[in-house]
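Colleague: Those protein sequences? They're chains A and B, same order as listed. Note that my numbering has the first sequence beginning at 1, numbered continuously upward. Note that my numbering has the second sequence beginning at 109, numbered continuously upward.
Mixed in with the good hints, there may be bad ones.
[To be verified] Keeping only pairs whose Cα atoms sit at most 25 angstroms apart, straight-line, the calculated BS3-like set for lysine-lysine is:
#1 K42(A) to K117(B)
#2 K165(B) to K2(A)
#3 K122(B) to K45(A)
[What the hints assert, rightly or not] Restraint-style ranges between C-beta atoms, simulated for each label pair:
#4 G58(A) to N109(B): 23 to 29 angstroms
#5 G54(A) to M127(B): 26 to 32 angstroms
#6 G54(A) to S126(B): 44 to 50 angstroms
Keep in mind that the hints were calculated from the coordinates and are not lab data. All C-beta atoms in this analysis are idealised placements derived from N, C-alpha and C, irrespective of residue type, glycine included.
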Amino acid sequence: RKEVEQDPGPFNVPEGATVAFNCTYSNSASQSFFWYRQDCRKEPKLLMSVYSSGNEDGRFTAQLNRASQYISLLIRDSKLSDSATYLCVVKNNNDMRFGAGTRLTVKP
Amino acid sequence: NAGVTQTPKFRVLKTGQSMTLLCAQDMNHEYMYWYRQDPGMGLRLIHYSVGEGTTAKGEVPDGYNVSRLKKQNFLLGLESAAPSQTSVYFCASSYRLLAGEWGYNEQFFGPGTRLTVL
C-alpha cells in the first residue's frame, strides 16, 4: 500500500466549477501536510500548507483530519489556469512523502 | 536570484556508465534533497542533506551516492547506471526549521533533469 494515496483522476471540469481532491496517508506520526501544484513537464511548486484547523487562500481551501488521516483540497470557481496536477504531500521530520498526484483539466 | 538550478537538463546514458547531477541553490538554504519522479509513483526521496558535509538516505537510496561539500551545492552520483534509473530527477532546497514551525518549511524545486538509461 502506498504511504500517500490520491485519486489519479483525471478530473475534467468546466470553468467556474467547484472541484475537490482527497488524499489519505498511512503514517499516523506525520507532522505536516501540504498541497503542491505541478504543471506539465515542470517542477512542483507549493500551493498551500494544510493546518489542523483548516485554512483558506482565495479560491483554495485545505482541510486536515488527523483522526481519519485524510487531507482535502477544494477549488472554487475553477479557472483555465488551474489546470495542473495536484500533489498531496505528507512530512515526518525531513522525510517528505508525495502522492502520485491528481490531474485536473479545466475547460472553457 | 536564480533559485535552484540543475545541470544537465537532459542526459542519455548506456547501462554501466556513470554520471553526476549537479544541484545549486543561491537562497542560503541549509537543507537540500534529491528526488526521482516516475509515472504513477509520485516523487520519491533518494537522499537529503541537513547541512554542509552531512547526508542521509531517503526512501530509495540504492544505486545513488551524494555529496554536499559546499552549502550551495548538492551532487547526485550514479556509479553504474541501470535502465531502472531512467527517470526525472528533481533537486529541492529549504531553509532550516525554527522551533515551533512544526515542519512547515517550503521546499523549492529545480527544473529537473530527464535521464534515460539505455
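Colleague: Any hints from earlier that this structure breaks? Give me their numbers in increasing order, please.
Modeller: 3, 5
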